[in-house]
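Novice: What follows is each chain in one-letter form.
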Amino acid sequence: MVSRAAPARQSPPIPAGLTRDHLVEIYRYLRLTRTLEERLTALYRQSKVIGGLFRSLGQEGESVATAYALARGPNQDILSPLIRNLGSMLVMGAPPIEILRQYMAKAEGPTRGRELNVHFNDLEKGYLGQISHLGDMIPVMAGIALTFKLRGEPRVGLVYIGDGGTSTGTFHEGLNFAVVQKVPLVVIAEYNRWAYSTPPEKQFAVKDLAEKAKAYGIPGTTVDGNDVLAVYEATKFAVERARRGHGVHLIEVKTYRRTGHAEHDDQHYVPKDELDWWAKENDPVDRYVKQLVQNAWVEDRDLKGIDEGVKAEIDEATDACVDEPLPPPDSALDGVYIDPPAAPRHWYRGL
Amino acid sequence: MADVTYLEALRQGLWEEMERDPRVFILGEDVGAYGGAFKVTEGFVKKFGEQRVIDTPISEAAIVGAAAGAAHMGMRPVAEMQFIDFISCAYDMLTNYVATARYRAGLATPIVVRGPCGGYVRGGPFHSQNPEAAFFHTPGLKIVYPATARDAKGLIKASIRDDDPVIYLEHKWLYRRIKEALPEGEEIVTPIGEARLAREGKDLSIVTYGATVWKSLEAAEQLAKDDGLSVEVLDLRTLLPMDDAAIMRSVQKTSKVLIVHEDTRTGGVAGEIAARINEQAFAWLDGPIMRVTAHDVPLPYAPTLEDFVLPQTDDIVKAARWLAAY
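Chains as they are written, first to last, in our numbering: chain A, 1 to 351; chain B, 1 to 326.
Keep in mind that a hint or two might mislead.
Stated by the list, open to error - Straight-line distance between alpha carbons at most 25 Å, and here's what the computed PhoX-like set of lysine-lysine pairs gives:
id, chain 1, residue 1, chain 2, residue 2
1, B, 225, B, 318
2, B, 46, A, 182
3, B, 225, A, 182
For the record, the hints were derived by calculation from the structure and aren't laboratory data.
Work the whole structure out from these sequences, hints included.
Specialist: Set out below in structure tokens:
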């Protein structure tokens with residue numbers, strides 16, 4: 001019998017094929033999302049953010065983890081984020097300064113002051129901003145994934161839908177179309193408990209959104225949406241399955257919207273103790289940090305260093321754009337079509 | 001030179017664009033193996049394959065939405081609405097998503113949404129509609145509506161080549177009723193935004209489009225014979241963007257305008273044309289701008305009812321006569 005020395009106490013292996021560097025990078029995106037939103041909240045209170053502010057507090061984990069499972073870089077995978085997927089956009093490479101400019105309606109912003117919040121896109125980087133009509137991005141992303149299929153490109157589309165959004169007709173039409181066409185599309189169904197003020201039991205009669213997948217003949221998985229690595233692993237599996245030509249997969253992430261629908265909403269319809277529980281016991285960033293440190297994958301002090309770096313980056317981005325001008329009024333007329341290049345200015349404006 | 005029908009001309013245009021540009025593909029209900037409800041795409045799947053002629057579920061919003069997504073990626077999708085009446089199911093996708101994409105986000109969305117429209121065929125309320133007014137109000141869309149075989153071909157080709165979304169309305173009453181010699185090998189592309197003078201005249205202008213171009217021409221012929229009136233007929237061909245210059249030229253020439261369309265009256269395109277003439281050519285008018293349109297009811301099925309509701313040649317004759325005498 002060969003005797004073996006007892007193994008030295010060591011950290012468990014990092015799951016899902018990730019490395020320490022990946023873990024640190026994921027943490028950085030989580031922190032960047034939260035810090036940027038905190039900055040936006042401050043700017044909102046100073047009336048510098050002009051429209052509504054929609055926070056993803058409590059949902060940053062699933063946003064970052066799902067996007068992190070995609071192939072990123074020029075002309076790789078494409079996702080379509082909702083208002084609470086700021087983290088997904090940052091992972092795909094949206095620069096924080098563009099988010100700040102967009103919220104503040106700056107002329108130099110990605111839509112030149114035409115659209116709000118995260119409604120903008122960079123298809124080369126891999127994100128296509130939503131419109132406000134929930135569900136509509138599912139058919140559009142089905143069309144993008146269809147193009148990947150038609151061209152034989154090994155690329156994947158990923159689209160988010162909220163619990164309330166699954167009640168729309170376009171969710172059904174788009175998902176069904178994608179399924180029968182067997183396009184490489186992953187649907188992330190975010191069960192965050194509130195559609196504005198409406199709870200799930202007034203939206204649908206299934207317990208889990210994953211049950212809906214059965215009606216489309218596709219796999220449906222439910223994941224703890226605030227467990228960053230579990231969300232990553234489930235998404236990675238679905239993404240690579242789609243990439244291999246096996247079609248659509250629906251992943252339900254159970255999470256919780258800890259702020260109102262937007263900053264103006266005081267959430268009077270939400271039980272206070274429920275909010276407190278999610279904040280204290282089930283915050284995705286806290287849970288992730290605890291997991292990294294307890295497993296000795298990353299040192300606490302390394303994370304502190306990231307926090308400081310992120311804060312400096314947001315400070316710098318804010319300083320660089322906060323005083324930029326709004327767009328000139330008559331820039332409103334151009335770009336409805338390529339031809340004609342601009343809408344005519346009304347006759348009385350020249351009087 | 002072979003005579004080709006309006007439908008065959010449209011089919012040729014689609015076929016030629018599919019051959020010319022590998023980015024062009026067709027999607028819609030029953031467009032593949034069946035060849036489309038009116039056989040516009042008959043033989044396409046055999047020639048171009050299932051990847052480029054895609055049979056879809058009954059999901060107009062998904063058809064248009066998926067076309068938009070593909071167009072963002074550089075494709076040139078042509079989406080068929082089996083009957084244009086069903087385009088209302090994709091109204092949200094067209095007006096909120098597609099029409100705004102370039103303006104709000106700099107996104108190119110070169111799609112064509114086409115389908116059979118129009119009445120005079122006993123199709124009842126849901127197989128006879130003219131939906132142009134519902135989209136005419138939306139900046140970001142273009143709307144074309146050919147009346148001749150030449151333009152059926154020329155406008156489908158121009159629509160596919162256009163870098164912005166185009167709604168292409170094809171009148172099913174004209175499908176096999178209109179024939180025209182189209183030289184083989186001639187590249188026919190009708191510029192979007194240009195009206196066509198269908199008949200020259202000096203006493204009165206009829207501004208119209210679609211099937212009522214033919215009814216207006218019939219009326220003009222009758223008025224020439226019976227009343228000695230010289231009636232000009234302007235076929236708009238494109239509704240959005242509208243060829244204001246061609247309309248005003250005609251108004252300046254005749255000083256009297258009758259606007260004729262098959263769609264219902266209230267909120268119809270004729271009202272907008274009248275407003276533009278009032279703003280741009282008021283001084284040239286010698287009479288009120290008048291309209292001949294469908295009555296403001298859903299289109300009924302029975303021949304007696306449909307014929308009563310829709311504008312007929314005789315209605316145009318009477319209205320033009322009244323206006324000429326004004």
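Novice: Which numbered hints does this structure break?
Specialist: Hint check: 3 fails alone, others pass.
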